[in-house]
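Trainee: Given chain A's structure and the hints, the job is docking chain B onto it.
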Amino acid sequence: MTTPDPHNPAHPDAKAHSEGGMDYLVTRQRKLVTVYLPLAVFSFVLLFPFYWMTITTFKGKEDLYDYERNSPFWVSNPTLANVKKLLFDTAYPEWLWNTMLVAVSATFISLFASVLAAYAIERLRFKGSKWVGLCIYFAYLVPPSILFIPLATMVFKLQLFDTRWALILTYPTFLIPFCTWLLMGYFRSIPFELEECALIDGATRLEILLKIVLPLAVPGLISAGIFAFTLSWNEFIYALTFVSSSEVKTVPVGVITELVEGDVYHWGSLMAGALFGSIPVAILYSFFVEYYVSGMTGAVKE
Amino acid sequence: MSNSTGLALIGRINNNANALGLLFMLPAATILLVFLTYPLGLGMWLGLTDTKIGRPGAFVGLENYKSLFSDSVFWLSVFNTMVYTGVASVAKFGLGLWLALLLNQNIRFKSFMRAILLLPWIVPTTLSAIAFWWIYDSQFSIISWMLVKLGLIDTYINFLGDAWNARWSVIAANVWRGIPFVAISLLAGLQTISPSLYEAATIDGATRWQLFRHVTYPLLTPIIAIVMTFSVLFTFTDFQLIYVITRGGPVNATHLMATLSFQRAIPGGQLAEGAAIAMAMVPFLLAAILISFFGLQRRKWQQGVKD
Numbered sequence: 343m344t345t346p347d348p349h350n351p352a353h354p355d356a357k358a359h360s361e362g363g364m365d366y367l368v369t370r371q372r373k374l375v376t377v378y379l380p381l382a383v384f385s386f387v388l389l390f391p392f393y394w395m396t397i398t399t400f401k402g403k404e405d406l407y408d409y410e411r412n413s414p415f416w417v418s419n420p421t422l423a424n425v426k427k428l429l430f431d432t433a434y435p436e437w438l439w440n441t442m443l444v445a446v447s448a449t450f451i452s453l454f455a456s457v458l459a460a461y462a463i464e465r466l467r468f469k470g471s472k473w474v475g476l477c478i479y480f481a482y483l484v485p486p487s488i489l490f491i492p493l494a495t496m497v498f499k500l501q502l503f504d505t506r507w508a509l510i511l512t513y514p515t516f517l518i519p520f521c522t523w524l525l526m527g528y529f530r531s532i533p534f535e536l537e538e539c540a541l542i543d544g545a546t547r548l549e550i551l552l553k554i555v556l557p558l559a560v561p562g563l564i565s566a567g568i569f570a571f572t573l574s575w576n577e578f579i580y581a582l583t584f585v586s587s588s589e590v591k592t593v594p595v596g597v598i599t600e601l602v603e604g605d606v607y608h609w610g611s612l613m614a615g616a617l618f619g620s621i622p623v624a625i626l627y628s629f630f631v632e633y634y635v636s637g638m639t640g641a642v643k644e
Numbered sequence: 078m079s080n081s082t083g084l085a086l087i088g089r090i091n092n093n094a095n096a097l098g099l100l101f102m103l104p105a106a107t108i109l110l111v112f113l114t115y116p117l118g119l120g121m122w123l124g125l126t127d128t129k130i131g132r133p134g135a136f137v138g139l140e141n142y143k144s145l146f147s148d149s150v151f152w153l154s155v156f157n158t159m160v161y162t163g164v165a166s167v168a169k170f171g172l173g174l175w176l177a178l179l180l181n182q183n184i185r186f187k188s189f190m191r192a193i194l195l196l197p198w199i200v201p202t203t204l205s206a207i208a209f210w211w212i213y214d215s216q217f218s219i220i221s222w223m224l225v226k227l228g229l230i231d232t233y234i235n236f237l238g239d240a241w242n243a244r245w246s247v248i249a250a251n252v253w254r255g256i257p258f259v260a261i262s263l264l265a266g267l268q269t270i271s272p273s274l275y276e277a278a279t280i281d282g283a284t285r286w287q288l289f290r291h292v293t294y295p296l297l298t299p300i301i302a303i304v305m306t307f308s309v310l311f312t313f314t315d316f317q318l319i320y321v322i323t324r325g326g327p328v329n330a331t332h333l334m335a336t337l338s339f340q341r342a343i344p345g346g347q348l349a350e351g352a353a354i355a356m357a358m359v360p361f362l363l364a365a366i367l368i369s370f371f372g373l374q375r376r377k378w379q380q381g382v383k384d
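So the sequences go chain by chain: A and B.
Residue numbers for the first sequence follow the working numbering, beginning at 343 and rising by one.
Residue numbers for the second sequence follow the working numbering, beginning at 78 and rising by one.
If we strip away everything but chain A, and leave its shape as in the complex, we get (with noise of 0.2 angstroms):
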């Protein structure tokens, strides 16, 4: 075993540690081949397909189909023409509309029903809050591959058939139980003693929930929001099953139903659907990383 390095004597305290662990006890070289290289394939192989979607967008037919003159991996004649023929001759835009308003009414519906929800079973520990509690995990293990059948029934019952409404009041069923079940780990944090003393100066429940919990609650609803936005952007198969004009159809559905013609595939638009439908989650993303990451092990977690 190697001594360890005298410029780097043990901390006891652990956030010393942290910083570089027992690290000095690994060389460079071995560090290179067993972390560095794995890590390195990892990331090709989980980017590729990003990689390949955005240069096949900008492809011309030259470079999509001869591999020979041109090689695959960069595109020698960019071209627009796969997102002009997208923009202009297809539904796209109108798609992206839908799934932006169908999205964001989902989620400001299932974060108002969430936060009531969550704070009842949390804070008001009512009778059975423990039971509704479990109730509304399970409720998040039930999958929308077994529901779609019954509720185009019911949606075509309902005459939401072919409408956005049938979106917006069906995707709440997979977000409600998933924010409700994330907001519950939220409050669960917050002191009892900030509600009791509010309650003792004569707040009532629902001025304690405003005032208090919610601004301190505030990552959670945003981990909560920017997760029911992305489940409800990229939902297909209520999507697929519930609407079937053009003019309502959402992004993954239009894409999927509507870009391929028979058997001819226009692989440029195509890409460019996928491409420009994937971006605005991108983004939201890119923005929002350390929420996304605490929201998904949040929920995992508890």
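Any given hint might turn out to be false.
[Stated by the list, open to error] Covered stretches of chain A, going by a simulated chain B footprint (3 or more residues, C-beta under 8 angstroms):
1. 373-384
2. 444-458
3. 484-497
4. 515-527
5. 565-577
6. 626-632
[To be verified] Which residues of chain B face chain A? A partial, calculated answer using Cβ under 10 angstroms:
7. L97
8. A105
9. A106
10. S205
11. T232
12. A265
13. Q287
14. F316
15. V328
[Stated by the list, open to error] List of simulated lysine-lysine pairs, DSSO-like, C-alpha gap at most 27 angstroms:
16. B:K143 - B:K129
17. A:K403 - B:K143
18. A:K499 - B:K226
19. A:K469 - A:K553
20. A:K403 - A:K373
21. A:K553 - A:K472
22. A:K403 - A:K426
23. A:K373 - B:K187
What the hints contain is simulated information worked out from the structure, not anything from laboratory work.
Yeah, the Cβ is synthetic: ideal placement off N, Cα and C, and Gly gets one too.
Mentor: Chain B in isolation, oriented as in the chain A frame:
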């Protein structure tokens, strides 16, 4: 008079946790009962009828399940779902854990790496599946092209035209999408393990494998159980990847129970049969939840955690 009773009522609700709790639960409970609990029951009922699109059905008992029992395509979809879930979950767990352990090292640009590696999970699956569809193209596949250039193969691989090739291809796409979720969740678990445990074990002469086996793994078990339950559930009920990349083909070789249920119910119009296939997934899902739940309880009991 009425004003004062109104005020008194508000005051009573305000002080009564049960009444207020009920009021606060109302929006969430209404939406979930109407659009989740009721359809779940309706789905079970539909599976026992002969409903078709545009025609209300009559109760037929277990007819649908009986015909499914002798339906070879249904059994093929069950087999496919098992293979898809089994292989993809094991691969996601192995690779995800590896990636988490790598990211838990003291490396440069750690948070940047973590951020970009989560992308496959954030981006709409349907849209990344289109990219995979193009990557798996029979004539212009970039993978085939690279392998041919490297001299490893002579002819292009028929990724989606052959039964097993197609299965491996969709599994690879699913693993690609799922690794980030497993890795980032496990990374969060790894970061809660105190470094002093590793130091103590190292001083006692533990090897790297022993460190992993006797420190990392036991402390990570609870989070592994939860992450893998989610992973198995969502892989088992997957729909989008298959629908986009193969539509269940070639010759039903990649049909999962979810895609078959959609195929029969919506384009096929046999709502009842589709609902029966969807309901047939429930026992598997329950089994997955119970296994992870009891696994977790046992682990807690071993570690002496009460409640």
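Trainee: For every hint, state whether the structure bears it out.
Mentor: Hints and how they fare:
1. Restraint check on the stretch 373-384 of chain A versus chain B: 6 residues with Cβ-Cβ distances below 8 angstroms, three needed, restraint holds.
2. Restraint check on the stretch 444-458 of chain A versus chain B: 5 residues with Cβ-Cβ distances below 8 angstroms, three needed, restraint holds.
3. Only when three residues or more bring their CB closer than 8 angstroms to a CB of chain B does the claim for the stretch 484-497 of chain A stand; here the count is 13, and the claim holds.
4. For the stretch 515-527 of chain A, the stated coverage by chain B is satisfied: 4 residues place a CB nearer than 8 angstroms to a CB of that chain, which reaches the threshold of 3.
5. Under a criterion of three residues with beta carbons nearer than 8 angstroms to beta carbons of chain B, the stated coverage of the stretch 565-577 of chain A is upheld, 3 such residues being counted.
6. By the rule of at least three residues with a Cβ nearer than 8 angstroms to a Cβ of chain B, the coverage given for the stretch 626-632 of chain A holds, with 3 such residues.
7. At about 6 angstroms, the closest approach between the beta carbon of B:L97 and any beta carbon in chain A falls short of 10 angstroms, and the interface hint on this residue holds.
8. Interface hint at B:A105: satisfied, since its Cβ lies 4 angstroms from the closest Cβ of chain A, which is below the 10 angstroms cut-off.
9. Checking B:A106 against chain A: minimum C-beta separation of about 7 angstroms stays under 10 angstroms; hint holds.
10. For B:S205, the interface hint holds, the least distance from its beta-carbon to any beta-carbon of chain A being 6 angstroms, beneath 10 angstroms.
11. Annotation: interface hint on B:T232 violated; nearest CB of chain A at approximately 15 angstroms, more than 10 angstroms.
12. For B:A265, the shortest C-beta to C-beta distance to chain A is roughly 4 angstroms, which falls under 10 angstroms, so the interface hint holds.
13. Hint status for B:Q287 relative to chain A: violated, with the closest Cβ pair at about 14 angstroms, above 10 angstroms.
14. A least Cβ separation of about 5 angstroms between B:F316 and chain A falls short of the 10 angstroms threshold, and the interface hint therefore holds.
15. Restraint check, B:V328 versus chain A: the minimum CB separation of about 18 angstroms is more than 10 angstroms; hint violated.
16. Taking the CA atoms of B:K143 and B:K129, the gap is about 18 angstroms. The hint holds against a cut of 27 angstroms.
17. Of the supplied pair hints, the one linking A:K403 and B:K143 is violated, its CA atoms being roughly 52 angstroms apart against a limit of 27 angstroms.
18. Of the pairs offered as hints, the one joining A:K499 and B:K226 is violated, with about 57 angstroms between alpha carbons and a cut-off of 27 angstroms exceeded.
19. This hinted pair checks out: A:K469 and A:K553 have alpha carbons roughly 25 angstroms apart, not beyond 27 angstroms.
20. About 44 angstroms separates the Cα atoms of A:K403 and A:K373, which puts this hinted pair outside 27 angstroms; it is violated.
21. Between A:K553 and A:K472, the direct Cα distance comes to roughly 25 angstroms. Compliance with the 27 angstroms bound is thereby established for this hinted pair.
22. Between A:K403 and A:K426 the CA atoms are separated by roughly 15 angstroms; this keeps the pair inside 27 angstroms, and the hint holds.
23. The suggested pairing of A:K373 with B:K187 holds, with an alpha-carbon distance near 15 angstroms, which does not exceed 27 angstroms.
When each numbered hint is compared with the structure, violations occur for hints 11, 13, 15, 17, 18 and 20.
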